[in-house]
Structures are given as C-alpha cells and as structure tokens.
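Undergrad: Residue strings, one per chain:
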Amino acid sequence: MSLFEEYHPLTGKMFQILKADGTLVSGQKPPISDQEIFALYKKMLFIRLADQRALMLQRQGRFGTYAPIWGQEACQVGSAYALQKGDWVVPAFREIGATLMMGISLKSFYLYWMGNEMGSRAPEGMNVMPVSVPVGTQTLHAVGVAWAAKLRGEKVVALVFFGDGATSKGDFHEAMNFAGVFKTPTVFFCQNNQFAISVPRSLQTASKTIAQKAIAYGCDGIQVDGNDLFAVYLATKEAVEKARSGGGPTLIEGVTYRFGPHTTADDPTKYRTEAEIEPWKPLDPFVRLRFYLGEKGMWDEEIENRLTAEAQKEIDQAVKDAEAVPSPQVEEIFQYVFAEMPHPLKEQLEYLKSTL
Amino acid sequence: MSLFEEYHPLTGKMFQILKADGTLVSGQKPPISDQEIFALYKKMLFIRLADQRALMLQRQGRFGTYAPIWGQEACQVGSAYALQKGDWVVPAFREIGATLMMGISLKSFYLYWMGNEMGSRAPEGMNVMPVSVPVGTQTLHAVGVAWAAKLRGEKVVALVFFGDGATSKGDFHEAMNFAGVFKTPTVFFCQNNQFAISVPRSLQTASKTIAQKAIAYGCDGIQVDGNDLFAVYLATKEAVEKARSGGGPTLIEGVTYRFGPHTTADDPTKYRTEAEIEPWKPLDPFVRLRFYLGEKGMWDEEIENRLTAEAQKEIDQAVKDAEAVPSPQVEEIFQYVFAEMPHPLKEQLEYLKSTL
Amino acid sequence: MAKLNMVEAINLALREEMERDDRIVVLGEDVGKEGGVFRVTDGLQAKFGKDRVIDTPLAETGIVGTAFGMAVYGLRPIAEIQFEGFIFPCLDQINNHIGRIRNRSRGRFTCPLVIRSPYGGGIHAPEHHSDSPEAILAHIPGIKVVIPSTPYEAKGLLISSIRDPDPVIFFEPKRIYRAIREEVPEGEYSIPLGKARLVQEGKDVTVIAWGAMVREALNAAEQLKADKIDVEVIDLRTISPIDSETIAASIRKTGRGVIVHEAAKTCGLGAEIIALINEKALLSLQAPIERVTGFDIPVPLPKTEHYYLPNPKRIALAVKKVMSF
Amino acid sequence: MAKLNMVEAINLALREEMERDDRIVVLGEDVGKEGGVFRVTDGLQAKFGKDRVIDTPLAETGIVGTAFGMAVYGLRPIAEIQFEGFIFPCLDQINNHIGRIRNRSRGRFTCPLVIRSPYGGGIHAPEHHSDSPEAILAHIPGIKVVIPSTPYEAKGLLISSIRDPDPVIFFEPKRIYRAIREEVPEGEYSIPLGKARLVQEGKDVTVIAWGAMVREALNAAEQLKADKIDVEVIDLRTISPIDSETIAASIRKTGRGVIVHEAAKTCGLGAEIIALINEKALLSLQAPIERVTGFDIPVPLPKTEHYYLPNPKRIALAVKKVMSF
Ligand SMILES: Cc1ncc(C[n+]2csc(CCOP(=O)(O)OP(=O)(O)O)c2C)c(N)n1
Ligand SMILES: Cc1ncc(C[n+]2csc(CCOP(=O)(O)OP(=O)(O)O)c2C)c(N)n1
Ligand SMILES: [Mg+2]
Ligand SMILES: [Mg+2]
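Residue numbers (the numbering used here), protein chains in the order written: chain A, 1 to 356; chain B, 357 to 712; chain C, 713 to 1037; chain D, 1038 to 1362.
Derived by calculation from the structure, the hints in this document are not laboratory data.
Heads up, some of the hints might be wrong.
To be verified - Computed list of lysine-lysine pairs in DSS-like fashion (alpha-carbon distance at most 27 angstroms, straight line):
1) A:Lys270 - A:Lys13
2) B:Lys702 - C:Lys992
3) A:Lys353 - A:Lys43
4) C:Lys762 - A:Lys353
5) A:Lys353 - C:Lys1033
6) C:Lys965 - A:Lys353
7) A:Lys42 - A:Lys85
8) B:Lys702 - B:Lys669
9) A:Lys353 - D:Lys1357
10) B:Lys539 - A:Lys13
11) A:Lys208 - B:Lys539
12) A:Lys183 - D:Lys1317
13) D:Lys1290 - D:Lys1262
14) A:Lys208 - B:Lys369
15) D:Lys1290 - A:Lys183
16) B:Lys399 - A:Lys208
17) D:Lys1070 - B:Lys702
18) A:Lys270 - C:Lys762
19) C:Lys965 - D:Lys1358
20) D:Lys1087 - D:Lys1070
21) D:Lys1262 - B:Lys637
Just so we're clear, the structure is a prediction, and the values are computed from it rather than from any experiment.
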C-alpha cells in the first residue's frame, strides 16, 4: 500500500514519523541519514535566526512589512529538500525557508523585503518564482510550469506553497482541477498554520481536513505533521517522485502553527490569546529535532550556541551587504516593464527625470 | 441512515428509484402520488414541446441563440417540484423547465430569448433570478440569497442550477465553501449532462463523480439518476428540508444527457457521433415515465396526443403573444441602469434620440 | 464635536448606519474580531454580533458574489475587500452581475451593495497593496464609484453610499487613513453622490484631484502662492458618475487645468476628464490640460515608490507649465 | 493568393506559426475537436495533436493562470477566452502577474503569452457576448492590446503578437469574422505592433476607429463624400501602447477628429485619445473631438442592440458636427 493510500484523507490519519518528544512513531524510521538531519537542523536554525533578524530590522525601520516563517521551518525545509536540481519552487509570501533552500542568497532575499528592486531577480538556474502576494494565485503558475515541463518531456517538478486561507480561493480550485485533468507534475504544499491573518482554520472551510479537498479533483491528498521534518520530507519526496514519473499531482497538508504575527503589521493579540498558543509550543519543529539529535550526541547547548554564532555572523554580513546596495535609479522601474520600452513609457520616463 | 449517508459519494452508488424500463428499484417506491406523477409528466411534456418550438423558431429567424433542455426535463421538473412558495431558483441558461415550474409565463420566457427586454422581468413574488450566462457565477448568488434568508430568520431555500462544466470554475468552489462554512440553506443542483459544449465530462475533471466534490467542503453530496423524476424529486426534497431546518447545503449531481446541441449555434456532429448518443436514448426521462404510467393505465398514445395537442395550442398562443410585443423603445435600455438616471446617462439618451 | 481621523469617521458611519438599519451586514476578511487590518470595522462585531459583522473565508469573488445575492434578497451588505489589489477577482461579478441586475430584471431585482476597499499608494506597503483601479470601475456601467478625501467627507459620502439604492464602490485612500484629523459630527449628515467639491477657489488654474491627492494638490497650491498663482482645487469625490458641470464651470473660469491621480496615466480617469473638458469647455482652454499621474508601470517597491507617486513638486511644475503655455 | 475571411486568416497564422515554433501551444475551451465556437482553431488539433492544441476545463482564470506558468517556463502559449465577457475572471492574473512578471523578476522571467478573444457586438448574441473591454486592458501596465480590422491585418498582427516577447491581448471583432474577404498571403509577413494604419487619406477630418468600427467609419466616409467632406480614416490597430504620433499628425493636418468605439463612453479608449490630442495637438483643433461610442449601459438584448452600436449614420452626424463647429 502506498503512503497515499495508507493515509487517505478520509481515514482520519495524519502522517508522522518523529513525535514531539523526539522519539519515532512505532514502525517508522528517519528517511534521511543523521548527517543530513544535522545539516537540515543547521539550515532550519539559520532560517529561524534570519527570520528573527528580519522582524528586528523591521522594528528598527530598516525593513518593509514582513511575513515571518516562525514555526513553519520544517514544512519548508523538509519539502524543499525533496526537490532535485531543475525543479521549481513557487512561493507565496512567507517562504524564507524554501527560498533559501533553493540557493537564493540571504542578501538578495533581504533586499527584496527592504523594498529594493535589486532583490527581485533570482539568479539564472535557480527556479524560484517571485513572491506571490495575491493569495492563491500562484497555485495556477505551478500547474502551468509543471505542465509545460511535461509537454516538453522534461522531468521537472513544481512545488507550490500556500496557506490554509488560500484553499478558499477559486484559483486553488482551478489549479487543482487542471493539475488533476492533465496530471501535471505539481506538488501542492499547503502550510496549514491555523490562521489566515485573524481567521482561524475552523472558519476557513467546513471540510475536516485540507487534505481531503484532493478528493474533489481525483488526486492524492495527505495530511502530515508539518512540524515533523521527517514526515514532511518523506511525503514530499513520494509526491515528487510520483509527479516525476508521470503519476500526477498531490496535495499535502502540513499541519503546523504560526507562532508569530501574520506580518510585522499585525497584532495577533487582537484575535488569539497566549493560552491558545501554549499547547503548540512543545510541538515546535525544533524541539523534537533537538531531542532526537541530542540522543545521538549531535546536539547540545554548546553546539546550538556555536551554530547560532556562525549563523548570526553570516546574517550580519547579509544585512550589511543588503544595506550597502543603494536605492535603484529611476530607470530601474521603467526598464523591465517590456523587453523594449515603448514610446509612451520613454516619454513618461523623460518627463519624470525632468521633475526630479 | 439518511439518504445522504446511504449514498455517500465514495460508496460509488447512484440514487435511483425508477429504472429505465419503468419498474421500481427493489425496496424503493414513488415519492409522490400517481396524480402528481401524471401532472408532472404533463408539465415535462409541455416543457419539451415548448423547448422544441424554441429551436424551430430560431431556425426560422424568429428567436435568438437558445440553449435547449432536451433530455434534462426530469432534473429540472423533479427538483423544482420540491420547493415551496417563497423559495428561490437561481438558473443558469438552460432552465426552461425550472423557470416554467416557478410560474414564469412561457410568453415572458420566449420574449427574453427572442432578445426582447420586455421578457426580462420576473413577476413580483416569483423568485427566479435572471438567466446567468457567465458559467458558474450564479452559484454564489444562491449562497447569498440563502444566507440572507437565514440571517433574517426566514425559512427560505435557494436552489441553484449549473452544469458539469460549471464545477470547474472558481466561483463554484467559493460558493460551496461559503455555503459549507455558513451552513446556508442552498441546494446545489448540478445537471451533469456529460458535456460543456464539446468538452466531455471526462476531460472536465479527474474526480470520479461530481457529487464527491462535496467532500472538499464538508457538505453532503449525492449522485442521482437525473433522468429519474422520482429520484431527483426525493433527493432534492431531502436536501431542501435539511436546508430549511438548518442542516446546511447539499450538492446534488443529476446524471443526465444533453440530447440536443449545446445551443442553436452549436453543431454537435463536430464532436460526438450518433453512436455515442444511442445508449442514452432508452434512458430518456420520458421513456420510463410512459412505461410507469402506462402500467397504471394513465398513459397511452391517445393520451399523449391529447396532451400534445393541448400543449401545442398553449405554445402557439405564447408565441403569438410574445411576437405581438413590440421591440422596446430606446428609453427602455437606459431606464433601469440606476434607480435614478444620472446626468451623463440623460445626456447620452438625449443624444441618441437626436440621432435616430 | 470630536476630531476624528478617516478610519474613525468611517467606523462611526458604519456604526450609526447599522444602528439605523438592521438590514445592513458587514462582511469580509478579518472584519470581525480583528476589526479589519486597518481597524476600520473595530468594535462592530462586539456591538452587532457575528451575524451582522462576518469574517468570511479568504475569497474575494465569494465575498462580492454572495453579497450580491444578499442584496438582491433585500439586505444591504457592505463588503470589504482588504486591499484594492485584490478587487480584480471581483470584477467579473461587478461587471457581469452587480452593475446589471436592475437592468437585467427591469427593476425587479436591485443591488444596494457597498464594496469598501482601501486603495492607493504611499504607505510603503508590499506589492499589490498600492494600486488605484478607479478608472477600470468607472468604465463599468451600473455602478457608482466614490472616493473621499477627508474624515468629514468620508463619513458623509459613506452614508450616502450605504443609502444609495444601487451598488457603490467606495475606495478609501489608505495613505490618509490617519493623516488628517478634523471635526466629524455624530449623527445624521450625508453628502450627495455625483457632486464634486470646490475645496479652494482660485482664478488662474483648476487642479482636479481626489482621495489622497487632494492634500497634495492643496500643498502645491500653497507653494504656488509664492509665484502668485491662484489655484482652484476641486475634489472630485464621485468618480462615477462624474460631475462634469462643476469641472467645466471651473475650467470655463480659469481656462487652465491640471488633473492629479495616482493611477497609471494611460486610460486613467484623467483622460475622461480631459475628454469632458474637450466636449464642454474646449473654447475656454488657454493651454492643454496637464496630467500629473502615476506611470504605465507597476507601482514600484517601497524604496522607489516616491518616483511613482504624484507630489506637490510635480503638481506645481504642471501648474507652472499650463500657466506659461 | 487566397481570399480569406478573418477566421481563416487567423487560423492560417496560427497554423504557420505553430509549424515554425514548436514551443507554441494553443489552449482554451473547445479549441480542440470543436475547433473553437467560431472555428478559429479548426483543424489545428488534428494537425498538431492534443499536446499542442488543448481543450481545457471550463475555467478562465485557470486558462490564463496556467498559461502564465507555461510562458514563464519557456513555452509560447496562445490562450483562447471564448468570449470577451468571460475575460473578467482573468483580470486578476493579467493585472497582478502577467503584466508584471518581467518587472518583478528584473527580466529573469518573462511572459510571451497571447490571449485571444472574440470581442464586441453586432451579432445578436446572448448577454455577455457583446462587450468591448479594451480600455480596461489598456489601463493595465505591462501588456499590449491589439485589435485587427481586416483578415490581412489579423494575420499580420497575430504573427507579431505571437513573436512579441511580452504578453499581448488580441481581441478579434467577431462581427466581422466572416464579413470581409480579402487576399491574405501565405507565409511570412507581419505588421508591427504599436503602429496605427492610415486606411484612407483625407484633409477635412480624422476618424479614428479599430476592429469592426473601421468598416463603419469607412461607410460613413463614403456617405460623406456627397457632402464634400474628405475624411481621413485611421485604424488604431494597437490599443496599447497607442501610436500617438500618427494620431497627432493627422489631427494637426485636419484640425478635426471623431473617435469611434463600441465600448461604453466613460473611460473608454476615446477619452485617452482625446487626452493625447489635447497634449500633442491642442492648438491645431478647430472643434472639440467627438466621440461616437456605446453608452454607459449594459449592451442591450438583440432587439435593442442597434440602439447601442455606433453606425455610419451616427458617425456621419458627428463628422458634420465637428465640420460645422
Ligand atoms: C487575494 C488576497 N486577498 C487578501 C490578501 C491579504 N492577505 C494577505 S495574507 C492573508 C492571509 C493568508 O492566509 P493563508 O493562506 O493561510 O496564509 P498564511 O498567511 O497563514 O501563511 C490575507 C487575507 C491577499 N494578499 N490576497
Ligand atoms: C465563464 C464562461 N465561460 C465560457 C462560457 C461559454 N459557454 C457557455 S455554456 C458553456 C458550457 C457549459 O457547460 P456546463 O456547465 O456543463 O453546462 P451545459 O451547457 O452543459 O448545460 C460554455 C463554455 C460562458 N458562458 N461563461
Ligand atoms: Mg494560514
Ligand atoms: Mg454540461
């Protein structure tokens, strides 16, 4: 029985390998080596710290509005790790994790969120679409990308991120339906972080799980513990392999929790209490990995401090590098609207320059 | 076990009472009296003949583009019959059956499809929304209407018609999701007539049934034999009662077949063969009712001829009445844009009149 | 009388109207407990309950499509679209149904619906949070489009919009949500739709603006005093239907005009205003009307946004240009 | 050289381009076996197979949203929206993504996508099948909008649109799909985007039109000969970006102008053209520019549609008005 059969959404089962206390679910084993686990832990830590820095910079007025990943690191690191070179990531707007996993530099990531156009370009070869602010719209792009690859006979997979809120949008529906009909190699990764700004998951849809929405499209769906790096990785890996070998799309619901505010512009105390957050704290994806690695002698406070110090140094440098990039010249905002600037735009640019 | 539990979409069962040969499925009985059945048969016949007349008039250049019901009479008559006074019908564009069932006059119906604005107004008290050409958009309206009724504490149900093609639209998804979350008294009736113009049901979605799409919204869904007047009526009645008593929405998939062209502008020989239609002919909703009523001594050729003659007379009159209505004056197209005509529109109307 | 900012003034209008008319229902994303991301609906759910102030799923077509059904049924829904950039999925329902239902039913069904949405740039927001799509909506028949420029105006215009028997798109210039405080009376007053406001009389040149740009225009006018240029400032208020008479009368007087808007230049509302002046006051023109607008480019990211937005300097330059023509 | 109607000319362009470039994929509702409801894609699926001519589910956002992804990946999709009335659900993707991706990625990702759609009135179609939303699209940055007026033009302009590195909306005036036959060469030729066409020279007045309205304008011009009025007719061809130079040059010559379009008057493209004339040729104007357009109402049902559509009579009246000003 395949993973997706075993965890068919209507069975009510959530796929988990590593429990919150760092022990393995009976019968399950880690899908990657301890070295890999350690490397991914290190990456997750870097991401969490880089995320925290962004929040801090925003409070200091050095950053724009920012949507933190805090709590969702395992979802993004575990899933992106299942991709191969040439695969695509289509992010929403909370994807520092997936973005850095794809090799985009932290400097570039920061630049964009500082509001500097110079951070908008992914380097050649890194197939990461730009941030998608209009919720859910990007799911269609991931279907298009994957469909194109399929039509060209290229064994490329597209992994798209979106939230629980996004599943309410018509775009999500049309994307899933197209993916189902054309069996596009798309992996739909829903980070169900329990909130769409203030609106809790329970008010977003009456369906018991997000995963069961796959049934409407004749696709596989699976609910995984999104705070379990191993389960996220393995479910995504199976979905990616299935996609690559022509088996079509999969909807993965990663059950997780947004510990931070929706964005730096949000005040979550308006709509949730500390008491509501409390039960989620022990489920933090870092906690269980520390237990697990600790058991193997691969983690302790000292290691954590060393990793943290290294990360902070790298982050310091990224901030410095990003802040050293000047604000773009006025040409920059006209130059990339079309391949060749049409006459009206040239006139407008000339005019604007004459007024500066 | 409720009907919706017994026929849960993933059981693979289609709800049927009256088989194609006019006999009853074992254990099932007609949900209405023989008198009612005869009356509904008569209504269906009238609708089929009025529909055929529309096609004929179009060929003679006396009618606009028209979308015939041919084959789907049981879906519309059976479902609309389950409504009570005060309930709403929200049609797509193929709903001659449901429209007439709600009491709209054939003359008025014809007028609209002849392209005459004078056919656009439903009489006060008849809660039938205008035709909805943009596919799927009307599903949201039915949710809004039903939701409003619920908020006002009025026990009103909205029944919305749409096709298999419409289920691919984002609007359908958002409508089902809102209905699920707010438990609006909406009955979603999908006439799965196997085609969206030329696109067969199999290419419209990879989901095995339309009914199972309800699972995505935590709603009940049921597949019924849409050519079986009894099954359509009973399933709709249960859905309507459930809705009225606060149980929320239901998705009903009526499995039927579009015998005619998509519209009078369509040439179905481009995309389907006679051989494909053949197996559906014995499933025509009229065939089984004739067997059934015949068994009871309530139908024979003579009765059919009498009913036909009566119907044709009524239809003749409706055509005559409709054609006697003159084309509207120019004011008519400006008058109902706003409650009070704003200045620019007054200017435009004046100008237009000066050019005629 | 309290001094309120625009957020508070709109909140007050909603509160009073909801008290007056129990058919009014507010719905949208985060309008409930959260009180809206800008706090415009703050406290309303606590006061009126979850049946009248409704947090919806995240689906803009769904919000306006169901609100349409509610309005047809007889409620008076006020739908919030969280940012103007997310109104695009609603255009299908707005164009194909909301603006047409009265006409399509010969008056049997109507749609007294208000769609509120913060709009415009200038708050260093993320992408898709700074657009100005008013001209697109003004091109759609059967709907009205309203944009207030001060707290007092906002309350009065919103009351009229809510009481209007037809659908109204109400764009709130988010840049001045909290930037202006002024006296806003409690209770009943309304400002008629379809009438522009003469903000400041002047004899040399007419500057026409709306929303956040009225303040920019006034700033420019202030600067231009030094050049002895006497600027008349008109706040359009209602984008559709346009009050062409007020515009034409002013241009007939001054003979010169500058139109200011944040939206992209091409096919922006400025074009329509020029066309109306062409039709009604061409012979009075002493100079081509100038447009001071956004550009035909996506609104840039925060660090470059200032290039995009019209400012007093650009307005003053345009005024000088038409004066020296 | 064969005489083709516009449907055949477009079909030929698609066929030839698909042969030339195997990255081209056609997708839309009923474009396959059916060959499109107007038969524009007739025979293409039989020739190029189901992987290049794709019948999609009934979902317009889905069509353009996935086509966007395809284009970014490196294909050259040509998406069909069956009727312009159903392009509204696409505006979100068009405005928020399709027109911005080059800018949002500093040129890393591009969207060489063509969206074809029959548009406009005059065929006694059902509701929502007679709209003219070109001005809405012309207001959106980062996309081009093209409308051909004859079979020859259609083929040439479509070829340019397909080869253009940026997204193009290609509206096909369905009213003249089969109404005009003219010689259309096989093989390579293209007509540059962004350049209007001088259809007929004249010295007294400039009539600017596009799509099906060019024929109406020519008919009016013919009638006006009896009045000794010599009409210059310009076919705009590209709606965005507009060829303001050709327009201005003609107005500078004639001093008078009439703009004809089917879309609603307010905020239609006519307004933008007047604004451009105001900016570039005001001093040449002998009379206000006249607009002969649809009205600010939904397009009426077939029996009353003739009231709505501009016709030679209304155009001629407008020409006489500007001549006698
Ligand atoms: C179409 C659209 N509507 C509204 C918004 C404003 N908004 C930004 S994020 C968000 C909530 C998204 O929730 P979810 O999809 O669960 O993602 P999360 O923020 O939890 O990661 C909203 C309403 C938007 N960006 N796009
Ligand atoms: C949004 C939209 N897209 C396309 C069309 C053109 N069109 C009219 S009916 C139709 C097929 C509808 O199929 P289905 O929903 O199954 O209903 P049926 O016609 O079979 O009753 C299409 C594509 C439309 N009217 N609206
Ligand atoms: Mg969420
Ligand atoms: Mg169908």
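Undergrad: Which hint numbers does the structure go against, in order from smallest to largest?
TA: Per hint list: 1, 3, 4, 6, 8, 9, 12, 15, 16, 17 and 21 violated.
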